[in-house]
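Participant: Listed below, chain by chain, are the residues.
2 protein chains.
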Amino acid sequence: MTNSKVYAELTDWVKRVHLLGTVAELMGWDEQVNLPPGAADQRAAQQAALAGATHAAASDPRLGAWLAALEADGALTPDQRAVVKVARRDYDRATKLPPDFVREKAAQSSRGYHAWARAKAHNDFASYAPVLAQNLEFAKREARYLGWEGREYDYMIDKHDPGMSAGVIAKLFAELKRDLVPLVRAIGASPVKPRGDALQGLPVEGQRTFLREVTERLGFDYQCGRIDVSLHPFCTGTGADVRMTTRFKEHEPLDSLFSSIHETGHGLYEQGLAKEHLGTALGIHAGMAVHESQSRLWENQVARSRGFWRCFEPRLREVFPAQTAKVSSDELYLAINTVAPTLIRVDADEVTYNLHIILRFELEQRLFSGQLAVTDLPAAWKAAAQELLGLTPPNDREGVLQDVHWSDGAFGYFPSYCLGNMMAAQLWYRALALRPTLEEDFARGDFRWLLGWLRENIHLQGRRYDMLELTRRVTGEDLSPKHLIRYLRERYGVLYRV
Amino acid sequence: MTNSKVYAELTDWVKRVHLLGTVAELMGWDEQVNLPPGAADQRAAQQAALAGATHAAASDPRLGAWLAALEADGALTPDQRAVVKVARRDYDRATKLPPDFVREKAAQSSRGYHAWARAKAHNDFASYAPVLAQNLEFAKREARYLGWEGREYDYMIDKHDPGMSAGVIAKLFAELKRDLVPLVRAIGASPVKPRGDALQGLPVEGQRTFLREVTERLGFDYQCGRIDVSLHPFCTGTGADVRMTTRFKEHEPLDSLFSSIHETGHGLYEQGLAKEHLGTALGIHAGMAVHESQSRLWENQVARSRGFWRCFEPRLREVFPAQTAKVSSDELYLAINTVAPTLIRVDADEVTYNLHIILRFELEQRLFSGQLAVTDLPAAWKAAAQELLGLTPPNDREGVLQDVHWSDGAFGYFPSYCLGNMMAAQLWYRALALRPTLEEDFARGDFRWLLGWLRENIHLQGRRYDMLELTRRVTGEDLSPKHLIRYLRERYGVLYRV
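Sequences listed follow chains Y and H, in order. Be aware that the first sequence starts at 762, since it is given in our numbering, and climbs by one per residue. Be aware that the second sequence starts at 762, since it is given in our numbering, and climbs by one per residue.
Errors might be hidden in some of the hints.
Since copy identity is lost for identical chains, a pair holds within one copy or between any two.
Said to hold, decoys possible - Result set (DMTMM-like, lysine to aspartate or glutamate): computed pairs, CA atoms no more than 25 Å apart in a straight line:
id: 1; residue 1: 857; residue 2: 821
id: 2; residue 1: 866; residue 2: 770
id: 3; residue 1: 932; residue 2: 1091
id: 4; residue 1: 901; residue 2: 851
id: 5; residue 1: 766; residue 2: 861
id: 6; residue 1: 766; residue 2: 1164
id: 7; residue 1: 776; residue 2: 791
id: 8; residue 1: 866; residue 2: 792
id: 9; residue 1: 776; residue 2: 802
id: 10; residue 1: 1087; residue 2: 898
id: 11; residue 1: 776; residue 2: 865
id: 12; residue 1: 776; residue 2: 786
id: 13; residue 1: 866; residue 2: 982
id: 14; residue 1: 1143; residue 2: 1169
id: 15; residue 1: 866; residue 2: 1207
id: 16; residue 1: 1036; residue 2: 802
id: 17; residue 1: 866; residue 2: 1079
id: 18; residue 1: 857; residue 2: 1169
Hints in this document: simulated from the structure, not taken from any laboratory.
Model the full structure from these sequences, guided by the hints.
Facilitator: Structural data, given as structure tokens:
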């Protein structure tokens, strides 16, 4: 076979393995949206069978042979090299982990989830601690199998964000923390207080209509996607079939609206990938931090802007005339941009959210280095929450037990959220520099320039570049928290007069 | 390995392959219920990737080794022998067909579907004839690969109904036809004419409520299933996750009701399989004819009975007081049991439906024996329709082009529908003999005895016995059309005074 033939075989196979992954995602979506209550075990068995078949395809020896042939070929184009590199990474992950380990880890992950759910319900960290310690051990073993001995936490980070490391993050977060903590304190001390009751009792049908109009206007293509209801909002799927979910609460309409705009950001990224390359490095996302940069940019920089609301406020008032009658424009805008420290990450505003991530990153580092024992986590969490947020959790349920991630071994995932916020702000100022009238576009309901720019510079780049390189290429400078700080100061400094 | 260990390995693997099949079914359901319009190609690619992975699992050489070891073991229980026999059949089908043939046939099947859809839309059989001839050739080649040389049509029948053959069907259908044709003529000549407008303008929400109450009362477990809307009604899934669909038309409320009861019959079968054996011969259905016997029994013998309507008529009038005010009980019951020959199979009543199947069976036999050329099909169809139904299709769209089945090579499938009708009637009289008060149960809204009896005698039997053996075991006699004739005469003879 010529190498162009080999390359065609490789990409064809990689795309097929990726498609099997999208089938698993679809079943996950179905589980949260449609599954009959009695079918949970059957669905778990379906997922296990599919995972086995997918692993067989992902570790097929032919892949190894094609990769070896292509890696020895000096004549590959940069795009081809990117495809081979990512395929190698995935192939190694599929083949270097002993099957017994994979099975044990899957079982452990399922045990972990149930142990966590029980512990959270009963506010009983002690019962969960041994499982968490085992999760940590499994994560370290996985890292070592894949050649990351001594850099186990870096492996966990790289797993979610290729090319990223704890050292880089530590530096970025230290700088962010330095400026963010005083800003949060200042906002807390501000006499400006948003009305908590600005929007109450908005019927679900109206919310649905408004939300659909907004997300469609932002550019989400409902010919190639849909939105449904689930307990927790999420976005899944890729290419021509991207599915978002939301939930509706009559007294918290901003929750469904902003979470849907957030998921729309994820969805626009997946809909914007190069269709002909779906599944290879040229047609998959660049990692979780870049994904979050897209969801955060649309949710925060765009949808909390004055321009955005100049466009949509009249329509909101039209759909809900009675409920909005007693709210002024300024009160509405302030309610949309409420900042107040909270103990719970998922309830946090966009300013304090970053402190929640810094807290988790610091604890994860100490867990992996051995400086912190699992049994000492609750106390360490409380101390950190007091230091960073000025709040001490009254119990572990509102502290160390609040998040699901660690229960199935997803260490190293949290930093993606904050890195995404940084990248979003940095992209935002670059976009503004290129198109200073951006907010005027928004006021006219026109989001096409921004989406077009992201399509070309982020979405269609796929996984050619890691997050740091991609940021550099698009914005002309290294990733830095200074843009996020500037953005938060500009937006909230004015609003809260600090 | 001991043979009990080997047996455990075999069943575990067989169940996994079956689960992969249920994933494909779920994607098929999703395609008809949820798929965004732009995602058709992506879904086709997902199904192809999954089919490849499933075929790899189904043809795994370990299966062959386990089967050989177990087939040489004289100490297997009857249940174990049934499991091994069905696993062997599936393994042979997965391994004896050359991969190139499977791929070509899949492509041909897709081409066939589109050629048929186009031909039907333009009433242009000539453009479809070459594709249909190729389909016939592919079917024959498949039969020969699997060792059915000279009995190709028997293979196609056995594929859908294990153990059944064209010879057996020909005998059964000849007897049925002899008695059915005069009955249809007599009903046609009857002065009794149902009101075509008995139920008009029933709002969809009310239909949904009524239909849900009826299907739930029949025993469909909505904890382990659901009902949605699609263009064509169908039922898919198994065990704890069975999904039916329907469609609502305000002026044809009986269409959605009866098609849903039909699908409920399929659903009750799948929900009634032995959960711990799902996927092996002990926990899969016995073939399409037995499946149809279940759907038809609930749709016709049960839901067109006087007892059933004594229970549900008051509720129907409660949900739709205005629309039912001008319809008497007798008019309603006659409308439910309308008989009138039609050119279109899917619109046919339960009496004339069988003639549609006999027509197709006779043509399929002649196609496979070479007595009839594909190009002569339209004329042969018209002649047969005139002979059997007393109607001549004015065009091929209402004749030979009406059904999708042949377009993707599903020859030998049609007989299942009529065999199912026969078996349903035979089961019905056996049930009545055991429980003469059955219709009084129905009048009280109690369907538990019948369901319990079917569960024990049909559903929980899985694929241990073929259709003929199963019928013999449950009813004490060979499958015969005389019960269907008796049933049709009893029900329609009285109604139409013939």
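Participant: The structure should be examined with respect to each hint, and the outcome stated for every one.
Facilitator: A quick look at each hint next to the structure:
Proximity of residue 857 to residue 821 under the C-alpha cut-off of 25 Å is found in both arrangements, the shortest distances being 12 Å within a copy and 22 Å between copies. When the C-alpha separation of residue 866 and residue 770 is checked against a cutoff of 25 Å, the pair qualifies only between copies, where the shortest distance is 22 Å, while the shortest distance within a copy is 31 Å. For the identical chains of this complex, residue 932 and residue 1091 are neighbours neither inside a copy (38 Å) nor across copies (84 Å), given an alpha-carbon limit of 25 Å. In the homo-oligomer, the alpha carbons of residue 901 and residue 851 lie at most 25 Å apart inside one protomer (18 Å), although the nearest pairing across protomers, at 43 Å, exceeds that limit.
For the homomeric pair residue 766 and residue 861, the shortest alpha-carbon distance between copies (19 Å) is at most 25 Å, but the shortest distance inside one copy (35 Å) is not. In the homo-oligomer, the alpha carbons of residue 766 and residue 1164 never lie at most 25 Å apart, since the shortest distance is 47 Å inside one protomer and 42 Å across protomers. Taking identical chains as interchangeable, the C-alpha atoms of residue 776 and residue 791 lie at most 25 Å apart whether they share a chain (22 Å) or sit on different chains (21 Å). In the homo-oligomer, the alpha carbons of residue 866 and residue 792 lie at most 25 Å apart inside one protomer (22 Å), although the nearest pairing across protomers, at 33 Å, exceeds that limit.
Proximity of residue 776 and residue 802 under a CA criterion of 25 Å is satisfied inter-copy only: 14 Å between copies versus 29 Å inside one chain copy. Taking the shortest Cα distances, residue 1087 and residue 898 never come within 25 Å of each other, neither inside one copy (56 Å) nor across copies (75 Å). Taking the shortest alpha-carbon separations for residue 776 and residue 865, only the inter-copy value of 21 Å comes in at or below 25 Å, while the best intra-copy value is 28 Å. Taking identical chains as interchangeable, the C-alpha atoms of residue 776 and residue 786 lie at most 25 Å apart whether they share a chain (15 Å) or sit on different chains (22 Å).
Within a single copy, residue 866 and residue 982 get their C-alpha atoms no closer than 38 Å, and across copies no closer than 35 Å, so neither meets the 25 Å cut-off. For the identical chains of this complex, residue 1143 and residue 1169 are intra-copy neighbours only, at 22 Å inside a copy versus 65 Å across copies, given an alpha-carbon limit of 25 Å. Taking the closest pair of Cα atoms, residue 866 and residue 1207 never come within 25 Å of each other, the shortest separation being 48 Å inside a single copy and 49 Å across copies. When the C-alpha separation of residue 1036 and residue 802 is checked against a cutoff of 25 Å, the pair qualifies only between copies, where the shortest distance is 11 Å, while the shortest distance within a copy is 34 Å.
Neither within a single protomer nor between protomers do residue 866 and residue 1079 lie at most 25 Å apart by alpha-carbon distance, with minima of 53 Å and 57 Å respectively. Within a single copy, residue 857 and residue 1169 get their C-alpha atoms as close as 20 Å, which meets the 25 Å cut-off; across copies the closest is 42 Å, which misses it.
Going down the numbered hints, you'll see the structure goes against 3, 6, 10, 13, 15, 17, while the others check out.
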